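Visitor: Assemble chain F onto chain P, guided by the hints.
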Amino acid sequence: MSASPLLAGAPHAHGGDSLQQLMGTVLLALAPATLYGVFLFGWPALNLLLVIVLTCLVGEALCLWLAGRSLRPALLDGSTLLTGVLLALSLPPWAPWWIGVIGGAFAVVVGKHIFGGVGQNLFNPAMLARIMLLVSFPVEMTTWLEPRPWFSGTTPSFLEGLHITFGGGLPMADGMTGATLLGHVRTGLGLSQPLGEILPGHYQPGLAALGWTGGSLGETSALLLLLGGLWLLWKRAIAWTIPVAMLGTVLVLASVFHWSDPERFVDPLLHLVSGSLLMGAFFIATDPVTSPLSRMGQIVFGAGCGALVYVIRTWGGYPEGVAFAVVLMNAATPLIDHYLRPRVYGRTWLGQPKPVSERARRAAAGRDSGSGPA
Amino acid sequence: MNDYRGIFADGLWRNNAVFAQMLALCPLMAVTSSATNGLGMGLATTAVLLAANVIISSLRHLIAQEVRIPVFILLIAALVTLADMVINAWLHELYKVLGLFIPLIVANCAVLGRAEAFASRQPVLASAADGLAMGLGLTLAMVVIGACREILGSATLFSQASLLLGDGFAFLETTLIQDYKGFLLMVLPPGGFLVLGFLLAGKRVLEQRRERVKSAAAGPVDSPAH
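Residue numbers (the working numbering), protein chains in the order written: chain P, 2 to 375; chain F, 244 to 469.
Don't read these hints as lab results, they were simulated from the structure.
In this text the structure is predicted, and so the values were computed from the model without any measurement.
You may find that some hints are simply not true.
[What the hints assert, rightly or not] Short, incomplete list of chain P residues facing chain F, as computed with Cβ under 8 Å:
hint : residue
1    : 72
2    : 136
3    : 137
[As the list claims (entries may be wrong)] A few chain F positions that, by computed beta-carbon distances, are all more than 12 Å from chain P:
hint : residue
4    : 273
5    : 387
6    : 416
All residues carry an ideal CB built from backbone N, CA and C; glycine is no exception.
Just chain P, with the same shape it has in the complex:
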C-alpha cells in the first residue's frame, strides 16, 4: 500500500487488503493492551485516549479542508485513528488534557500533513509527537503512576477522573507516583549503586511481564503486546523482519553486556519486558510508510532500531529510547532504501540483466520464427 512505485520495481501485485482493513487489524491487535491500560489506570486513561483520538480526527479534517481534499476517505481509512491510539498508549496515563491536544495536533499536522498526508510522512507521527512532548514538558511526561485498577477501591470515580484529566493539577499524594522500572534503574546506576541493590523490591519479572507496574498507558503489559504482535504476524499484517531484527539486536547486546558485568548492565529479559520495546518492535517500527521496502533493508532498519534502543537506555540521557530510536531510523530509511533496494524483476542484484536460460531462448526463437514478419 505504501510501496512507492518509484522505488519498488515492477511487477506489482495487490494483496487485496485495503488500507482500512490493515488499520483495522492493527487496531484490533492493540485492543487487549489498550483495554488493559484503561483497566489498570481508570477513567483518566480513557479520557486521555478519547481526547487524543478526537484531536487527531479534528486536525486531520482541518488539514484536508485547508488542502482542498475530500474528507471522507482519509478520515475513515483508520490511519488517523491508529496514530491517535498509538500516541495515547505511549503517554503517562494521567497526563492532563492539553498534553493530549498538543500531542495529537502535532502528530497529525506536523508529523503527517506537512509531508502530504497519509503515506507521505517521513517519520512516525505518533513517535514524533511523543518526542516533542517529552522534550517540551518533561515534568508531565515523566509523572508515572502506580497501577490502581478498577474494582480495587483505589481508582478515581468518573468525576474525579474528569478532574484529573481536565481540571489541571494532579491531586497526587505521596506513594501514588513512582519511577518506571527503567527510570529507577537509571537513577540507581547514576548513584553508582550495583544492580544487586537496585532491583530487589522493584522488579518482579512475572508482574512486569503481565504489566502490573507503573508506565505508559498501554505499554506496561509485555504479554498482551506480544500476543497482539504475534497475531499481526499470523495475519501477515506485518513482516517478521523488523520485529525479529529489533528484538534480537536488543537481546544480543543486552546478553553480551550483562554477561560481561552483571552488576552494571541489566539482564536481557528486563530489557524485553519493560518500557515500550515490544510496542515499538511490533506496532511502531513496522509502520510500512516509514520503514524500508526490501527484506534486507528491513533487517538493517530493525537492527538499527534495536541497537539505538540499547545504547540510549544504557548510556543515553533518557531511561527509555524507543521513540528516539525509531524516529532516527525513520530518517535513515531513504538511505537504506537507496543502498538496499529490492532486486529489479529480471535483473541480478547488481542490476545486470539475468542470463537467459537455454530453454527460454529456444522458446523465444520458436515464437519468433513462427509468427509474423521479422
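Guide: Relative to the frame of chain P, chain F by itself:
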C-alpha cells in the same frame, strides 16, 4: 537603478533575506529564542550590512574581479570585529547572550550576498539604501520569529528589552500568562525551524491571494479550456 521604493520593497518583503532568499538561517535558528535577541542580532547585522555595502560600493572600481570575494570577506570581517567590540563595550549584557554569533556575522550569507549581488555593481547611495532595507528586512524577520517563539515558548514578549535598549524601554517587557509552564521545544532550535516553516507557508498563501485578487481585478481573462 535609483528606484528606492523598489529597493525597500525588495528588502522588506519581496526579496526578504530570510523569507524569500532563505539566507542567514544559522544565526536565525540559534539566536531568535526571544524577540529581544532577534532585535539585537538584527540591528547588529543591519549596521554591518549598511557599512559593508557603502564601503564596497565606493571601492567597486578598485576591486579586481578575480579577487573580489576575499576582499569582500576581509572588509566585512573588519566591520564585524568593530561591531563585536562596540557591543561588548556598551551592550555587554546583550553581548553575553549573543556571544559567538556576533563574530559569525562574517560568515552570514546575507551580507556577502548583498555585497556580491548589489553593492559591487551599484552607486553608493543606492547601495546604502539596499543595505539598510535588507538589514531592516532581516531584523523584521528575526523579531517576528523571535516573538513567535518567545510567546509560545515562555509566554513573554521582549523580555530583557531594557538590557538592549536602555531602561527607557522597560515598558516593552510583557508577560502574557503569569504562571506559564513553558513550551521548551519552541525555545530550542527545532522551534525555530517550525516557526520559520509556518511563516514561509503563510507568506506564500498571502502572495497567492494577492496574485488572485490582482488577476481578478485585471478583468476576466478569456482562458482556454482546461
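Visitor: Are the hints correct? Go through all of them and say.
Guide: Against the structure, the hints:
Restraint check, residue 72 of chain P versus chain F: the minimum CB separation of about 20 Å is more than 8 Å; hint violated. Interface restraint check: residue 136 of chain P against chain F, minimum CB-CB distance 5 Å, threshold 8 Å, status holds. Taken as an interface hint, residue 137 of chain P checks out: its beta carbon lies about 4 Å from the nearest beta carbon of chain F, inside 8 Å. The beta carbon of residue 273 of chain F is kept farther than 12 Å from every beta carbon of chain P, the shortest such distance being approximately 17 Å.
Every beta carbon of chain P lies more than 12 Å from that of residue 387 of chain F, the smallest distance being close to 20 Å; the non-interface claim holds. Taking the minimum C-beta to C-beta distance to chain P, about 24 Å, the non-interface status of residue 416 of chain F holds against the 12 Å cut.
In this structure, only the earlier hint numbered 1 is contradicted, and the remaining ones agree with it.
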